[in-house]
Structures are given as structure tokens and as C-alpha cells.
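Q: Starting from the structure of chain A, add chain B where the hints point.
Going line by line, the protein sequences match chains A and B. When the letters of the first sequence are read in order and numbered with the numbering used here, they come out as residues 1 to 426. When the letters of the second sequence are read in order and numbered with the numbering used here, they come out as residues 1001 to 1426.
Incorrect hints may have been included.
Listed below are several chain B residues computed to face chain A (Cβ distance under 10 Å; list not exhaustive) [claimed, not checked]:
#1 W1147
#2 R1181
#3 L1184
Since the hints were made in silico from the structure, they are not lab data. Note that CB positions come from ideal geometry on N, CA and C, so glycine has one too.
There are 2 protein chains.
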Amino acid sequence: MANGKHKVVVVGGGFGGLHAVKHLACGAIDITVIDRSSHHLFQPLLYQVATGGLSSANITAPLRAVFSGLAGVKVRRGLVTGFDVEKRLVLLGHDAVPYDTLVLAAGTESNYFGHDEWKNEAVGLKTIEEADEIRRRILLAFERAEWEPDEARRRMLLTFVVVGGGPTGVEVAGAIGEISRATLRRDFRNIDTALARIILLDAGKRVLPAFPESLAAKASAGLARLGVTVRTGCVVKGIEPNRVVVAARDGEEVIEASTIIWAAGMRGSSLGKALASAAGLAVDSQGRVPVQGDCTVAGHPEIFVIGDLARFGADPGGPLPALAPVAIQQGHHVARVVRRRLAGRGSHPFRYRDGGIMATVGRSMAVVDLRFVRLAGLVAWLAWLFIHIMYLVEFEARILVLVQWVWNYFTRNRSARLLSSCGPEH
Amino acid sequence: MANGKHKVVVVGGGFGGLHAVKHLACGAIDITVIDRSSHHLFQPLLYQVATGGLSSANITAPLRAVFSGLAGVKVRRGLVTGFDVEKRLVLLGHDAVPYDTLVLAAGTESNYFGHDEWKNEAVGLKTIEEADEIRRRILLAFERAEWEPDEARRRMLLTFVVVGGGPTGVEVAGAIGEISRATLRRDFRNIDTALARIILLDAGKRVLPAFPESLAAKASAGLARLGVTVRTGCVVKGIEPNRVVVAARDGEEVIEASTIIWAAGMRGSSLGKALASAAGLAVDSQGRVPVQGDCTVAGHPEIFVIGDLARFGADPGGPLPALAPVAIQQGHHVARVVRRRLAGRGSHPFRYRDGGIMATVGRSMAVVDLRFVRLAGLVAWLAWLFIHIMYLVEFEARILVLVQWVWNYFTRNRSARLLSSCGPEH
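This is chain A alone, in the form it adopts within the complex (with noise of 0.2 Å):
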């Protein structure tokens, strides 16, 4: 490896890490790509896996694939375990990889504030296991229900929770309406799905609070009529096996779910703290680190941090959003600065254009706030879905995905809606 080469370690194939290998790569870089898993997630159309919509392979993007005809990259699945940032390494084990730019673009986990505990029960929405995951919940639910005698517990069985009215709980939320009130209702003979309960719990005033109240009302109206119950102001206290306790203006309340999933809020990658403590920095209050304003952690011109786990800015309104825009746009710029350097020039400061903010209520409504101009209804959603097909990374994905919507569209069917056998123990 001692070529010469100026050598860049990007950890995290996200949208951040992609975009900035994808815009660095020439022959005369050398660049090292470290992820745990071997693959580039989609991550705005996670809530489509969890809820049955989309496979897995449809959102995501083997990293050796999409990088296969870049010269210089090297793509290497790994657990990275910390940095030495004096010998500029990048620490896997017992293994090192050295550098002379790091970007760490490691992303976010989800945060339960305190209470890791509340994990096993309310599953979080950031990783395709946890996709997988919550669709076994959701469908098995359903199954058991079917076959369940008691009214209590079949009551227990159709109630999901959902905890966080951002985009991604809006999302599920809408979603797990679509299932109950239409997908799945003539599947079933003994129970009518369309009976389960929604509930979309938010500790805030409303949902969607970083869109404009008027298209939070809407979508609000839009969850309701999806069967989704929206209780804002209301605050978590304890989670337990099939047990939600929250504490509303009223007092303590029990909500018994059988499936309960977790959207309230994320937190840096641990990475994050790892590289701070060694460059002599701390990480916000959200696991973030700081950086400068071109993307640099103070002290380390040399190392970036960029997308969800880079707190950018303080003013005005407060550092920057974790939207997959504002990672792409700090990769493209990371690779920039880098590639300015090394023509012997200096760098400079990042600008994010901000393009604005969407989400989706069921099949056919969406948000979408594009700053010039706000919108609501299926206008809003076809152009979700049009800008959301457009970002998709590989070619084959971005064909098979759409005619799995088109088809879901018009059918209201939902064909990855699939659950693992049963064990002995059912």
C-alpha cells in the first residue's frame, strides 16, 4: 500500500460516505471504504420494508457493486473498533488501516433516552434487521390474533404503538393503517384487521414539528383516516413486554401492545464519541460531533465528519437536520475540499441548499414543504415518489422498485409481507 498515493478511509457506505467516494474517486487516490455490513441502505424507504411494502434488496446496494468500476476504492466489511488519530489509523481489532484524510460518516442509532432497556420491546427503524424485524411483529400479530380466543388479549394483540411523530413514525404509522384497513382485510376470517388500533404517540405540542403547522394538520386529518390514532402530549414513562405507560395530562395511563415501535428520536454512532475523545473533543448532547465549517473537526484538518453524526452549525435555526440531503451534499463537498488540497489549494466552507422536506401518509398523500411552494394530497405524494425514485442509488433498484409501487398502487397488495417459519416453540 506504500504507493504513495494520498490514501482517504471513509467509515460508512450511508449517503454521505457514498457520495464523497463517489465524487473523490481517480486513479491517483487511494480510498478505503469501511462498513459493518456490506451494503448501501436507502434509508428513507426503511418504513416500506418494516411494513411489507418492499424487499430489502429493492433499497439496498451491495458497496463493492456500486463501486466496482471506481479505480482506487477498496471496500472492506468491518467492525471498526476506534481511531489513533496521532498515527492517523483507523482501528478494526486488532487490525489497523492508516490515513491521510479520515471521513468518518458513521450515521446515527436510535436513542432511547436513557432507557436502553426499552430496546427489545420497542423496536427502533435504522437497520434492515430491524426492518425485518418489525415486519415479523406486525404480520405475527395479526396471525395470532386470528387464533386467539380470548378478547382481551386479541384486543392487546391488533394495538400498535407507535412512539414519535417525526417523518419515520408518521410514515409507519400511515403505513400500518394501509395493512389493517385495506392489504390485509380480506386475508383474514375470524378477526376484521381493520378493527386493530393505531396509536401515534408524541411528547410534543403536534406532529411533524419541523414542518409548517399547516401541513402537520393535514397530515394529521390524513392519519385519521388511515384508522391512526394521534395522541400528542403525551410522554413515555416505562415500556414493558407488551405494555406502554405513558403519562398524559390526565395521569399515568397503560397501553397494551402487543407491538410497539420505537421512532422518538436518534442518537450519534459511538464512533462518533470514539474519534471526539481522541482528538480531544466531546460529543453534543445527541452523540453529534462538532465540526467547523468545512465539515473539519477543530485541531484535525485532516479528519472530516459529515451526515447525521456531524453537528453543523448553530445559528441561524439551530445545527443542520439529519436528512439524507444534507449528507450527500457534505460528501460531494468533502471530496471537493480533498481534491483542492491536494492541487495545493486551501479548503473551504461548506453551504447546505436546502431543497426541502417531505413525508408520506399512506398510499397516496404525502407532505412535502419545497420551501417555494407547500403541498399536500397525492400531487405531494407523486412527487415523493418521484424524488425518491430518482435518489435511488443502482439502476436495476430504482426499475424493480417502481413497479412494485405501481403494482402496490393500483392492487393495494403488499408482496414482501413475509414471516419466517414458526420453531417448536411456535
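A: For chain B alone, coordinates are given in the frame of chain A:
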């Protein structure tokens, strides 16, 4: 449930069970389908899932969705634990489902011929879970080889052994050949994936013993072109982690291989034995339940056994082979007999209409014996493709699988090569 209707319980939602239900369903009969998984599996394409060409969802259909339009059909996901043939009950743990007619179509599982301890090392290919595990092992072997400094270990990682030269073994070995010689070739930097050794072991004289010798020879030649070494007359003596011990003509030999796939044989599901004992019968050496000319069990005209689990006929040429068309036709036959009996008429014997057999070798070759004509090469592959797509149960799956195949064919891509994240243990 005591509505006076005739009660049919079908155990197993494979080809036999599915077609029995489809042809039986009408408002006048109460049908309960019990399966330990929630989906019908299109088993002939399972090897494509194991080798990353298709996703699980492409070749499965939720049983509830398949039967949702049919009156009087209930689906129950559960584990059958036994039978009470006197009281006419199917037992599910503490629960029991009564029947007037029982159709047992529980299929087969991998047969390790008294060496069940080989199961962990040599994965069979009967279920979606096994296919996922085989895919994981194949992809992981390449990932590990890419960063393995030791040459002997790298050679071991890049050695794939397939035990059994029937259609499944030939198809899996050919697909691994495709992957290593074409799909993955550009994705790795440190290893040449085309140097992977793929060894197909069979104890007999040649591969595809059920096929005419001329077609088997063409299949062998096709495998050789894909880099597969076919070794006939090789008896497996032992399987340990990363090692296969074989007794060949010239003594014992150890093959070091990271990935071992078991396609050497099938035996009837343990439910066959449970039912046979309850009915005072014995299963044959492959665990199959002997059935009479109308597919019923001796002494129990109300019990049918169909598909791979049934041993039907003995001459000429031995019992019927374990093929989807046999199961499909027997399912149809059972439906006809039950309907005739309800109309006050007797049963009639089953006759198999043999449409032929086929197997693929890689991405553009197959061998097809349609009895009136024998084909090998691209034409055979197109025939194979056409027939398999037409068989697929759900319309959507059919279209999507076709799109994906056409895409894969022209790009040699395998988008479904998804590998889950590595945990702390790597």
C-alpha cells in the same frame, strides 16, 4: 364450527396443499390450511435466492393472500405435533383441529443419512431460511478472502463444495460458478474471484441420474465451462468445520472448504412418520408414507398423503419422483375425489401425466427432457425460464421475477446479494 359442513384440513402449503385447496374451495366445504410458515414457497427457484439472484419475496406468496378470494378457506400458521386418527384430529400442542378429510402434504427435509451432526456445516436447501444462510456464507467467504493475508486460508475460503449431483446440486454449483466467474469479478481488488474452486461431489457414476445420459454429459460440460469441478464416485465420509472428508477410488482425501452445501438427498417430514404410526403403518426408508392408488392411506379412506411425502406406486420404474408437477396433479386429484364423494360417488385412481424434467446450468444453459424431445443449451434454458415463470403463483411475483431475470441476464448482476451487518464478533 359445528355448521354441518364437510371439514377438510390440509397440512402444508406447498405445491400439493396449495392446489388441493384451490380446486376444493367452494362455500360448501370448510377448509383449514395449516403450515408452519406463512407463505407458499416456489421451491424450484430457491437456489436463485441462495445465490443472490432473487429475493425471498420474489419466490414466496403469503398463503393468506393466495387464498383470500376463496370462500370457506382458513389459514392457520402453526406447528402440527401429531394426529389422532380415531377421533379425526390434527394436534397442535394443546390445541386440536377436527377433520372429516385430512390431506397431509408436509413435504420433505434434507436427508443426512444418519449424520445429522453434519447439518450445521453442510446447509441444506429446503427453506427460505436455509437459502438465506447459504447466501450469507457464500458472500462472506469472498469478503473474508479479500482481506485474508494467509494463502492457505484464502484458498480454503475460496473453496465451495456442493454435495449431491441431482438438479439442485447442479443448479447451485452452476450459479456459484456464474457468481465467481462473472458477477463478482470486478468487485474485489485483492483476490481474483475467478480462481474460486467449486467442487460438485456425487457418490454415483454421473450427475443428473434421472436424466438421459446424453443430457447429463452436456450438463457436466456446461458445469466445467463455469469452472465447476465435477467429481463422481466420491462418497462423503465426514464433514467438520471447513473440511470435507471423501472416500474416492484412490483412498481418503480431505478437501478444505469454507462453504459446504448439502444437496444429497431428501427424507419425508417427521409428520409422515407420526401419521403412519397413528394409522398403524410404516414409512419407507426415505420416510415417505405408502399410499394407495387414489392417494389415500390403507384403512383410512379419509386420509390422503400427497406430494414428496407420499410413496406412490412401485412399478414400473419405482415410486413417483419428488417433483412439483407430481404434487400439483395429486393436489388436483384429491380435490376431485373429495368432491365426488360428497356427491355420493366413489374415488378413482391417480394417474401422473409426465411432462418431463429439467435443470439449469448457469445463466444461459439448461437440460430439458420433455420425453418427446430432449434439449440442451440456450433453447432449453428459455424453455425452462418460460415454464417456471408460468408456474409462479402470484401475478406480481411473475412480472417482477421476469424483470429481474432479464436485467440479470444482460448485466450478469445479482442485486439480491444482501449480507447482514457484522456484529461485535465480526
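Q: Let me know if the C-beta of L1184(B) comes in closer than 10 Å to any C-beta of chain A, holds or violated.
A: holds (8 Å)
Q: A closest beta-carbon separation below 10 Å is what the hint needs, so does W1147(B) meet it against chain A?
A: With a minimum Cβ separation of about 6 Å from chain A (threshold 10 Å), the hint on W1147(B) holds.
Q: Does R1181(B) pass the interface hint, meaning its C-beta sits closer than 10 Å to a C-beta of chain A?
A: violated (15 Å)
Consistency note: the structure conflicts with earlier hint 2 alone.
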